[in-house]
Amino acid sequence: MRGEVAVVGVGRTPYSRAKQGERTYTVDEYLAWAADLALTQAGMSKNDFDGQGLGVAHAEASHTVNWSAAVAETLGISPKVLLRGDQGGATAAALLIRAAAMIHAGIVDRVLVMGADTPLTIPSIAPGLPLSPERTRGVFWDFQGPFGVMGANSQFAMVQTRYMHQYRLQPEQLGKIAVTTRYHASLHPGAIYRMPFTMEQYLASQVLSYPVRLFDCVPMVNGGLAYIVTSADSARTITDKPVYLLGFGEVSNYYHGPRTRPDITFTGFEQAAPEAFKMAGVGHRDIDVFEPYDDYPMVVLIQMEDYGFCRKGEGAEFVAERNLRFDGDFPISTDGGQLSGGQPGGAIGGFMPIVEAVTQLRGEAGDRQVKGAAVAAASGFGGMTYARNNRSCVTLILGSEA
Amino acid sequence: MASVPEGKPIPEITELTRPFWSAAKQGKLVMQKCQRCGTLDFFPKPWCIECGHRGLEWVEVRPHGTVYSYTVAYTVMMNYPAWKDDLPVMQCIIDLDDGPRMYGQLTGCRPEQIRIGMRVEAYFEDIGKDSAIPKFRPG
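If you're matching them up, the sequences are chains W and P in order.
The opening residue of the first sequence carries number 1 in the numbering used here; numbering runs sequentially from there.
The opening residue of the second sequence carries number 1 in the numbering used here; numbering runs sequentially from there.
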């Protein structure tokens with residue numbers, strides 16, 4: 001399936017922290033807005049998706065049993081195929097694989113994939129916090145919250161503590177990732193936090209949950225994103241800048257070691273990434289820009305290792321030695337990432353690596369453009385498990401040439 | 001719509017999970033053991049995650065283990081403001097001597113004293129008429 005489908009349009013709405021007095025938008029409005037941006041870039045109309053595919057990412061705000069069909073109704077699209085993803089931050093990347101498979105099978109020729117969420121304004125069980133009251137409450141929840149686990153910060157902090165026990169890591173290396181993404185955000189008009197900070201400011205930022213600092217944590221925003229994927233043949237008639245899906249790999253509920261007590265310093269990317277590289281027929285040195293899933297610097301560093309850019313346990317050295325800026329020798333998170341760009345809910349931030357990789361490969365990234373970017377790697381990462389590895393890991397390899 | 005929570009998060013006790021909470025009320029730590037392959041696992045599941053056997057039996061496990069990893073919360077990060085009274089909250093992943101892994105709050109030492117590999121033992125704190133929750137302290 002290498003190079004059989006291509007992304008021909010992407011959209012990312014402005015984000016909002018829903019400050020007092022600001023106009024707020026609903027999820028439906030963000031979906032339409034993001035889709036409009038993607039359609040405009042592709043020179044297409046929503047009516048081009050009648051009889052085709054529509055993909056909708058599950059959001060905190062989506063609670064009907066047929067959310068994707070409700071979105072089709074709201075937008076006035078009559079698709080043949082509905083795809084709904086519920087893999088959290090891996091949803092956008094996973095839906096690209098599902099869409100590619102539908103196109104490969106000849107069931108549809110194109111799919112419009114969208115996601116939006118408004119974690120700051122949905123009815124929430126505590127104002128300003130991203131948990132909706134109707135959220136499905138799995139059994140696991142009863143064995144986390146009551147035991148003192150305070151969400152993702154706690155869970156990533158425990159990964160980081162264990163990592164620091166097994167390998168070498170100084171706060172400065174995570175700080176370098178955070179400082180770099182903020183610098184990139186300063187070059188991206190759509191990022192929510194754009195004022196650069198220094199390593200000293202990073203190190204001085206409040207420890208929220210040792211060893212995780214405030215500047216390690218992803219800020220929630222309201223917003224929406226979308227992309228359009230179609231067969232390579234159609235793509236070439238739509239745009240002179242198709243971005244081809246060269247390879248992908250995916251795994252959910254990966255264990256590194258025994259199911260009951262695996263090594264949590266690993267992620268499923270150690271399985272998904274090699275699959276994607278192999279399918280794409282590219283090596284690590286071919287990657288011009290890396291768009292990791294970056295809600296915490298720690299998970300970025302672990303992805304560098306589990307993708308094989310460096311050996312396990314040598315991520316800190318790798319980060320210290322490389323220049324992570326857009327004009328450096330290993331550019332990452334060139335849009336400012338989620339860390340400084342903002343995360344539109346726990347499920348929708350996963351669109352950002354795809355949207356930015358496509359933007360880079362189209363050569364449309366403006367002040368933050370990676371020169372001559374031809375091949376990009378992008379991640380989807382969805383959810384933490386109960387003291388084990390993680391829920392979903394998806395690797396995509398995208399390229400400007402098939 | 002759910003109301004804004006007060007206090008700390010309280011588990012919703014179901015038929016599946018009741019044995020755990022009831023045993024904790026009696027000062028015992030129990031977990032599910034697969035009657036086919038013998039795997040002990042936690043949190044409660046509908047079948048064995050090793051072999052898929054649905055015959056799981058609640059058995060008592062030794063309340064001793066080691067700290068696999070930890071974090072110290074200096075601020076309340078979820079929806080339950082009552083954790084504020086307990087800050088800093090020391091939160092661990094505990095690998096029990098009998099095999100299973102669990103989350104647990106650590107008390108009885110200072111944050112700077114926690115170490116990976118540290119020996120801990122469970123004790124039980126009431127959270128309801130018929131339920132208690134295990135916490136850990138050095139031991």
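Hint data in this document are derived by calculation from the structure and do not stem from the laboratory.
Careful, some of the hints might be misleading.
A short, non-exhaustive set of chain W residues, derived as facing chain P with CB atoms under 10 angstroms [to be verified]:
1) L75
2) G76
3) V149
4) F156
5) M158
6) F330
Distance windows between CB atoms, simulated [unchecked claim]:
7) W:M1 <-> P:G128: 47 to 55 angstroms
8) W:G366 <-> P:D97: 53 to 61 angstroms
9) W:G106 <-> P:P46: 33 to 41 angstroms
10) P:P111 <-> W:A69: 48 to 56 angstroms
11) W:Q166 <-> P:G38: 25 to 33 angstroms
12) P:G7 <-> W:I107: 19 to 27 angstroms
13) P:P88 <-> W:K312: 25 to 33 angstroms
Cβ coordinates follow ideal geometry from the N, Cα and C atoms, glycine included.
ask   = Cβ-Cβ distance between G7 (chain P) and I107 (chain W): within 19 to 27 angstroms?
value = violated, 51 angstroms
inquiry  = Please check whether Q166 (chain W) and G38 (chain P) have a Cβ separation lying inside 25 to 33 angstroms.
reply    = At 29 angstroms between Cβs, range holds.
key: L75 (chain W) as an interface hint toward chain P, with CB separation required under 10 angstroms   = violated, 27 angstroms
Hint validity - G76 (chain W) Cβ closer than 10 angstroms to any chain P Cβ = Violated - the Cβ of G76 (chain W) stays beyond 10 angstroms from chain P, reaching only about 30 angstroms at its closest.
query = Holds or violated: is there a CB of chain P closer than 10 angstroms to the CB of M158 (chain W)?
reply = holds, 4 angstroms
query = Given a hinted range of 33 to 41 angstroms, is it respected by the beta-carbon distance of G106 (chain W) and P46 (chain P)?
reply = holds, 38 angstroms
Range hint compliance [Cβ, P88 (chain P) to K312 (chain W), 25 to 33 angstroms] = holds, 31 angstroms
ask   = Was the hint right that F330 (chain W) lines chain P, CB cutoff 10 angstroms?
value = violated, 28 angstroms
ask   = So the hint says 47 to 55 angstroms: do the beta-carbon atoms of M1 (chain W) and G128 (chain P) match that?
value = holds, 54 angstroms
request  = Using Cβ atoms only, decide whether F156 (chain W) comes closer than 10 angstroms to chain P, and label the hint accordingly.
outcome  = Nearest chain P Cβ about 9 angstroms off; hint holds.
ask   = Does the nearest C-beta of chain P fall within a distance shorter than 10 angstroms of the C-beta of V149 (chain W)?
value = Because about 5 angstroms separates V149 (chain W) from the closest Cβ in chain P, which is inside the 10 angstroms limit, the hint holds.
message = Looking only at beta-carbon atoms, does the pair G366 (chain W), D97 (chain P) fall within the given range of 53 to 61 angstroms?
response = The hinted range 53 to 61 angstroms holds for G366 (chain W) and D97 (chain P), with Cβ atoms some 58 angstroms apart.
Hint violations for this structure: numbers 1, 2, 6, 12, all remaining hints satisfied.
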